[in-house]
Each structure stands twice: as C-alpha cells, then as structure tokens.
Amino acid sequence: MAGSVYKYRTATYNSSVENTDRDDIQAVLNGDTAAFERLVLRYQRQITRLMWRFSRDSFVCQRLVQDTFVEAFISLKTYKAKAPFLHWLKKIGTRTGYRYWKERDKQKQFLSLEDFDFAQKDKDRDIAPEKAANILHTLLDRLPITDKLVLTLMYFEDCSVKEIAQRMGWTAAAVKMRALRARKKIKKIAEKENLLEKLEWIR
Amino acid sequence: MDTLKIIEKLAKTAQKEEIPQMDVSRAVMARIDTAQQDSAVILSFEWFAGISAAAASIVILISIPAWRYLFDPLAQILAPLQEVMLW
Chain C
3 MAGSVYKYRT ATYNSSVENT DRDDIQAVLN GDTAAFERLV LRYQRQITRL MWRFSRDSFV
63 CQRLVQDTFV EAFISLKTYK AKAPFLHWLK KIGTRTGYRY WKERDKQKQF LSLEDFDFAQ
123 KDKDRDIAPE KAANILHTLL DRLPITDKLV LTLMYFEDCS VKEIAQRMGW TAAAVKMRAL
183 RARKKIKKIA EKENLLEKLE WIR
Chain H
41 MDTLKIIEKL AKTAQKEEIP QMDVSRAVMA RIDTAQQDSA VILSFEWFAG ISAAAASIVI
101 LISIPAWRYL FDPLAQILAP LQEVMLW
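Just so you know, the sequences run in chain order C and H. So the first sequence is numbered by my numbering: it starts at 3 and just counts up by one. So the second sequence is numbered by my numbering: it starts at 41 and just counts up by one.
To be clear, the hints were calculated from the coordinates, so they are not data collected in a lab. Hints may contain errors.
[Unchecked claim] Label pairs and their calculated CB-CB ranges:
hint	chain 1	residue 1	chain 2	residue 2	range
1	C	A29	H	I59	25 to 31 Å
2	C	R106	H	Q76	27 to 33 Å
3	C	S77	H	W87	21 to 27 Å
4	C	S77	H	I91	26 to 32 Å
5	H	Q55	C	K178	20 to 26 Å
6	H	D78	C	D25	40 to 46 Å
7	H	A80	C	K194	51 to 57 Å
8	H	I91	C	A29	19 to 25 Å
9	C	L78	H	G90	23 to 29 Å
Keep in mind that this is a model prediction, so the values were computed, not measured. Built from N, CA and C at the ideal position, the CB exists for glycine as well.
Excised from the complex, chain C in its bound form:
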C-alpha cells in the first residue's frame, strides 16, 4: 500500500515545479547563489515538517533544517535529477536527523508516559494531534535509533519500506526486518506502560 503511495507521489509531482527546480539548480551551479534562496523558500515547509520528527525543540529543528539546506547546497553537484528535488532534499534531511539522533543518543534521557495527561477531554473520542505526536515520540525514544528511524518514517511520514531503504542506502530486506523488530519492541514498551488502558476511550 505504502509503495503505491510513493509511486503516486512521484507521478503527481508537478512538472512545472520540476522545470523551475531544474532552472534554479542550473543557476546555482552557474554561480548564482540567490537562486538557491528560491529553492529554500519553495521547500522549507516540507523540510521543517520532516525535521520536526527528529526534534520537537523548535530551535534544534530550525538548526536541522538549516543544516539540511547547507548540505544540499554543498553537494548540489551530485544531484542527478533522477528523482524530484524534494526527494533528494528529504534524503539529506533524513540523514541529517539520523546523525543528530546519533549525537544526542550519548546523553539519552527518557520521558515517562506518566508525564502525560491521558484523560479524555470534552467527551471527544479522538486525541489531539499534538498530544498523539508527543506520546508517540515518547514511545519511539525508547527504541534504538535505527529502529526509531524506521518507525518514525513509517508512522509520521507514511514512508514505504522501499522509500526508507532509498533514503538511508539500506537494503529493503534490512528495513523490513528492522520494522518488524521495532514494532515488536514498541508493542512491548507500550504494554509495559499500560497504553491500552490509558487510551481506551479512543475510537
């Protein structure tokens, strides 16, 4: 299912945007640095969205978005235009975020699910998106970073196994295996934290 989503996304990629991207990239390669600002303005929203999955601290997130674009500028010569520019940017972004996690992993501190208020608000049968994201991030934080990356991309970015493999340069089989193990681990953690009991009001 997710694989088809990837194909769909690629197919519906706006060709006029693609042409504009190509012109801007060519301009940057010819020495017009200002053209890169147009690319940043065009894609910063999508990259911010991606980097928000790696850090929910807006200051850190902003730094990660900047790192992604600076790295893209430096390695722009290596962009072969086989996939849309945004895909290439997301690949750089994912690797930047993964690197950040690796550095942060040394001083790992966990939040407990006890810190969250699980009470049902206003007889609503659905949880607020922000709260859902916080809970999910707290659970994912307990996983080793490779497992965490696979599930973060699957859960938040709707990425397929193939897409994750392409972004990280891993094999699809390795991603599949990691996803399977990660799901088992997160299930165990969630059960230990009584997540089902706490969120039983969700439909």
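On the provided structure of chain C, position chain H as indicated by the hints.
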C-alpha cells in the same frame, strides 16, 4: 483494540499535527556565504602552504650534500685546506 492498532491510530492522528512555520532562508544564505568565504580563505592558505612546501623541499635537496660534508670527518681530512692569506 490491539496495542499496535492504537499506536497506528496515534500515528494517523499525529500526522495532522500543526508544524511550526519557520523561515530559514536568510539564515541558510548567511551560512552559505560564510562557508564560501571560509573556503576562499582556506584555498589561499592552501596555495601559500603549497608554495612554501615546494620552496622548503628545494632548500632541503640543496642542503643535504652540504650537511653530509659538514659532519663527515673523512671528507674533512680529504678536503683541501683553506689557505688564508695572512698578508
């Protein structure tokens, strides 16, 4: 509901989360400018270091025979004595 199902439900809801808007274009361009200036400085340093290294290696090549001659006692014996004009 299964634990994994509820996690997936959380994920679906979390995707609708409002992401903070931030404009990084100026900061990115400033960092790129700085990086380009730094690389220009590094490049000129590299040129200077390269030329210095080449000059130093030429001096070393010339000075090796003189160094040997200075510390070889046999060479000192065989070498002609310097005649000094006294008057």
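Structure-based check of all given hints:
Remark: the range hint 25 to 31 Å for C/A29 to H/I59 is upheld by a beta-carbon distance near 29 Å. Evaluation of the 27 to 33 Å hint for C/R106 and H/Q76 yields a pass: the beta carbon distance comes to about 29 Å. At about 24 Å, the CB distance of C/S77 to H/W87 agrees with the hint of 21 to 27 Å. About 30 Å separates the C-beta atoms of C/S77 and H/I91, a value consistent with the hinted range of 26 to 32 Å.
Taking the beta carbon of each, H/Q55 and C/K178 are about 22 Å apart, inside 20 to 26 Å as hinted. The hinted window of 40 to 46 Å between H/D78 and C/D25 is violated, with their beta carbons roughly 28 Å apart. For H/A80 and C/K194, the Cβ-Cβ distance of about 56 Å falls inside the hinted range of 51 to 57 Å, so the restraint holds. A C-beta distance of roughly 35 Å is found between H/I91 and C/A29, which places it outside the suggested range of 19 to 25 Å.
A hinted range of 23 to 29 Å for the beta carbons of C/L78 and H/G90 is consistent with their spacing of about 27 Å.
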